[in-house]
Amino acid sequence: MKDLIKRLTETFGPAGSEGPIRELIRKEVEPYVDEIKVDALGNLICLKKGTGGGKKVILDAHMDEIGVIVTHIDENGFLRFSNIGGVSPVVALGQRVYFENGTFGVIGSEKLDDIKDLKLDKLFIDIGATSLEEAAKKVKVGDMAAFYQPAIDLGNRMVAKAMDDRIGCAVVIEALKRLKQTQHDIYAVFAAQEEVGLRGARVAAYGIDPDVGIAFDVTRTGDTPKAHTMEVSLGKGAAIKVKDMSLICHPGLRNYLVKLAEDNDIPYQMEVLERGGTDSGAIQLTRAGVPAGVISIPSRYIHSPSEMVDLGDVEACVKLCVAACESPLDF
Amino acid sequence: MDLRTLTSLSGVSGNENEVRSAIIKQLESMGIDYECDVMGNVIAKQGNQGPKVMIDAHMDEVGLVITHIEKNGFLRFARVGGIDPRVLVSKRVLVGKDKIPGVIGAKAIHLQERDERSRVIPIDQLFIDIGAESREQAQGKVKPGDYVVFDTEYEELAPGIIKAKALDDRVGCALLLEILKQDWQDVQVYAVFSVQEEIGLRGARVAAFAVEPDMGIALEGTVCADIPGTDKEFQATRLGKGAALSIMDRGSIPNRAMLDQLIKIAESEGIAYQFREATSGGNDAGAIQQAKAGCPVVSVSVPCRYIHTPCSIMSMSDFEAARKLVIKFLESVEGGFRP
Amino acid sequence: MDLKEFLKKASLAHGVSGFEYMHIAQVVKDAMAGLVDEVKTDALGNVIGIKNGHGPDPRPRIMLAGHMDEIGLMVTKIEEGGFLRFAPVGGVDQRVLPGHEVIVYGKRPLTGVIGVKPPHLTSPEETKKAHKMEDLFIDTGLPEAEVRNLVRVGDVVTFKRQVSELMGDRLSGKALDDRAGVAVILACLEELKKYKVDADVYAVATSQEEVSLGGALVSSYGLQPDIGIAIDVCHGETPGVPEWRTSSVGKGPALAQGANIHPKVFEALEKAAKEVGVSVQKEIAPAATGTDAWAIQVTRAGVATGLVSIPLRYMHTSVETLSMGDIEGAGRLLARFIASVDAGFVKELKTWI
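Protein chains in written order, with this note's numbering: chain H, 1 to 331; chain D, 1 to 339; chain Y, 1 to 353.
Take the hints with a grain of salt, since some may be wrong.
[What the hints assert, rightly or not] DSS-like mimics (lysine-lysine), calculated; alpha carbons at most 27 Å apart, straight line:
(1) Lys140(H) to Lys141(D)
(2) Lys264(Y) to Lys143(D)
(3) Lys274(Y) to Lys193(Y)
(4) Lys251(Y) to Lys141(D)
[Said to hold, decoys possible] Per the computed footprint, the stretches of chain H lying under chain Y, defined by three or more beta-carbons under 8 Å from a beta-carbon of chain Y, are:
(5) 218-230
(6) 270-278
(7) 287-301
[To be verified] Computed spacing ranges between beta-carbons, pair by pair:
(8) Val241(Y) to Ile152(H): 52 to 60 Å
(9) Val241(Y) to Tyr301(H): 55 to 63 Å
(10) Lys259(H) to Asp37(Y): 45 to 53 Å
(11) Arg135(D) to Arg108(Y): 53 to 61 Å
(12) Glu212(D) to Val241(Y): 39 to 47 Å
If you are wondering where the hints come from, they were derived from the structure by calculation, not from laboratory data. Glycine included, each C-beta is placed from N, C-alpha and C at the ideal position.
Let the hints inform the model, and build the full structure from the sequences given.
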């Protein structure tokens with residue numbers, strides 16, 4: 001599992017440029033599913049047929065990560081950029097980034113009189129070029145870059161960039177591998193462009209027209225020094241979401257997941273996320289409505305290049321996902 | 001139909017009647033099939049086989065709407081769409097269907113406190129004066145709910161350089177009509193003249209649902225800030241440097257294959273093009289992309305300085321480049337291109 | 001049917017966005033029972049009453065939407081001492097909270113107080129700054145162990161508020177936004193008994209308007225109406241707010257006009273009001289109306305929408321104040337409007353020149 005997490009998080013795939021991560025995930029799940037397709041927005045949709053008489057279930061995890069997009073190359077070869085998804089200038093300053101073609105860069109800043117003036121507009125990427133011509137050989141306006149960090153194994157915990165939401169992808173992939181028998185048709189949707197507005201999940205759900213949707217994404221924790229009030233903590237188990245800014249999880253489904261966790265001795269915690277949204281927000285509002293919920297992987301330092309998860313929590317999420325698929329889902 | 005006519009029509013978001021009627025008349029004279037939907041979009045179709053390509057231009061412009069008539073005859077108003085309040089002061093407007101002339105005045109300089117001029121006049125202190133002396137007199141000519149447009153005359157400032165209101169997005173409408181002049185055979189062109197883009201891509205959303213296209217192209221008049229006081233890296237586009245291709249905005253990320261195809265065609269055909277070097281703003285492509293099970297999209301725009309103000313400026317050479325580029329793209333679709 | 005009694009009952013019935021099934025949904029279902037042919041609930045908890053029309057096929061399909069959800073709070077953490085931290089559900093002005101009584105829906109309903117320091121311990125500077133939501137908490141008076149047994153993260157909380165009957169026909173209470181709209185729908189259904197109606201009417205008490213307009217979005221998708229009328233509340237006159245920004249309580253329902261409203265629907269609503277002698281006010285809506293009408297208008301290939309609003313003061317507080325006469329008038333004008341809709345009217349909605 002650690003190796004899978006490492007490979008997933010270290011693979012390139014900002015929203016809109018998910019090519020490499022999509023290929024990696026496809027290879028991972030191919031032996032475990034019956035049908036694979038890629039839709040108009042680049043979602044990877046994998047169907048594992050059930051034994052029959054069950055429901056159409058979407059298990060969603062988004063494969064895109066936050067990143068930056070080049071908007072301008074100046075005469076000296078510096079690149080100006082804009083954000084892809086939620087990128088804080090404080091987090092971006094001094095970070096390394098990399099492009100799909102292997103070009104690396106560093107984010108630097110204009111002179112600031114006051115750190116409060118720090119905005120993305122004042123930053124630039126330096127790829128070590130000495131002129132516009134030299135830079136233009138390696139990058140173009142419109143190219144996307146991801147933050148560059150190798151994954152770190154801390155024993156029971158792991159740190160990497162793009163845990164949001166490659167860890168969700170890992171959970172779904174592992175669940176597909178462990179899933180033995182299910183009556184339901186399971187659509188594992190590895191969604192594109194979640195970070196820019198839940199766009200992939202929205203159209204994938206329309207295409208599939210599911211009976212139930214469960215997303216697997218990260219959620220914040222309140223267990224670091226002087227953190228914003230939040231009950232969720234690393235190491236306390238799978239977080240079963242009640243509400244975030246994009247949806248109020250279907251109470252019947254949510255209570256069903258809680259009972260499943262209790263009946264199967266899976267450690268869990270209840271989650272209310274005050275800022276942030278997930279693909280289930282889009283799935284829920286598909287067509288005439290879909291009961292949707294989220295099983296979250298608690299994570300510290302979300303949207304930084306060093307997001308941390310607890311492997312016990314990850315295992316709990318996998319177990320809960322498998323239990324849900326193997327259950328009648330009659331909430 | 002020329003840009004002079006198109007930009008002179010009144011069509012604030014939610015009140016596109018005049019523009020719609022003129023476009024319908026034009027389509028009828030061209031013998032092109034069209035339909036209106038319940039929101040007021042005009043959906044024209046040309047071509048009977050091949051992939052469905054939805055090409056969208058919005059008919060609506062930003063403007064104002066009268067909210068209240070004061071006892072003394074002055075008109076209060078609200079903005080429809082994004083307008084910087086600072087551009088409203090000391091401008092001429094036209095109110096309602098009958099285009100009653102009015103002015104947005106401001107306190108005379110002589111009557112102001114010393115530091116007043118450095119402060120922005122908030123919207124709720126701005127009024128339209130149509131010359132009425134009382135509410136009753138005003139009510140003879142206008143009413144709350146009447147829409148207001150800038151009173152700007154279309155002018156060619158220099159050869160090929162046009163000044164007008166509502167270039168965003170009458171340039172798109174003009175482009176779309178040009179595209180319909182070709183006789184499309186192996187591609188189904190759905191030319192959508194949409195409503196209410198400026199207040200949330202509303203018309204395009206329902207039109208795309210109905211059309212369910214295989215590809216979408218939004219035609220826009222887009223931001224162009226190659227002006228003093230704006231650093232090169234924030235200019236977005238430059239006048240005269242060709243058709244602007246979006247790299248990303250708040251509503252959509254273009255389909256890479258379609259964008260690469262546009263670039264390939266521009267380079268091989270020698271058509272001037274540039275990238276829209278900004279990710280702010282959004283357009284109907286954002287709505288088309290999310291229709292039903294999803295649709296790959298791109299945006300092709302004509303750079304317009306000062307959009308969302310009374311006077312914007314564009315270059316016909318950019319218009320011509322956009323026209324050629326989209327037509328060649330559609331020809332390549334007829335020739336088998338798929339994203 | 002006693003409208004005032006329904007509204008008082010509805011105001012007390014809890015139903016925070018996403019949790020309408022807890023109480024308000026049943027109250028609505030019970031009230032709809034004698035007024036429609038069938039009542040059903042969809043995947044997002046919308047309560048849909050179906051009243052079949054008598055016109056020839058294709059019958060016009062008219063959807064009425066009044067949202068039954070209310071704003072509220074949600075428990076985010078149980079602190080040492082048993083105090084509860086919370087987050088808002090929907091647009092809650094945290095300045096109404098200090099000193100307010102609430103009901104926490106844990107294993108059983110618990111009364112709580114949002115307590116703050118007494119004046120004796122508060123400095124003059126402190127009183128000049130509004131409290132921040134994250135600094136407030138609920139005190140149920142129970143020991144921590146019992147709180148942990150009865151309450152968990154994710155439990156919902158509502159204002160504890162009885163309805164006040166003020167002078168005239170004024171009513172004041174929580175959640176009149178938009179239980180008033182639901183009341184209008186019931187009044188309309190009752191009034192429809194007097195008419196021969198061509199159209200199929202879908203009376204929907206929608207869910208989750210306050211957080212996402214999600215209920216209206218999915219119910220409209222499922223019902224595929226030709227016309228969708230949202231019935232919500234609009235701002236009534238308030239000291240400190242310029243009068244041109246508000247409508248008047250007691251002077252009749254407000255009909256909205258603007259991009260979110262189909263002009264022919266507006267005209268027909270205006271005409272219907274005149275025909276039944278109901279005075280109406282006009283509300284100019286430049287763009288988004290912030291109501292279910294905004295969601296309904298863009299479902300599928302588009303819906304012709306209208307918006308009828310009940311003037312209401314102090315929106316999103318627990319003392320929302322309105323006039324019963326406005327509700328009754330809105331019900332009558334809507335019934336007349338519905339009765340006037342035939343297949344020809346629906347066809348005309350796509351004719352613009």
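Each hint, compared with the structure:
no. : hint                               : in the structure
1   : Lys140(H) to Lys141(D)             : violated (56 Å)
2   : Lys264(Y) to Lys143(D)             : holds (18 Å)
3   : Lys274(Y) to Lys193(Y)             : holds (20 Å)
4   : Lys251(Y) to Lys141(D)             : holds (26 Å)
5   : 218-230                            : holds (count 4)
6   : 270-278                            : holds (count 4)
7   : 287-301                            : holds (count 5)
8   : Val241(Y) to Ile152(H): 52 to 60 Å : holds (56 Å)
9   : Val241(Y) to Tyr301(H): 55 to 63 Å : violated (44 Å)
10  : Lys259(H) to Asp37(Y): 45 to 53 Å  : violated (36 Å)
11  : Arg135(D) to Arg108(Y): 53 to 61 Å : holds (58 Å)
12  : Glu212(D) to Val241(Y): 39 to 47 Å : holds (46 Å)
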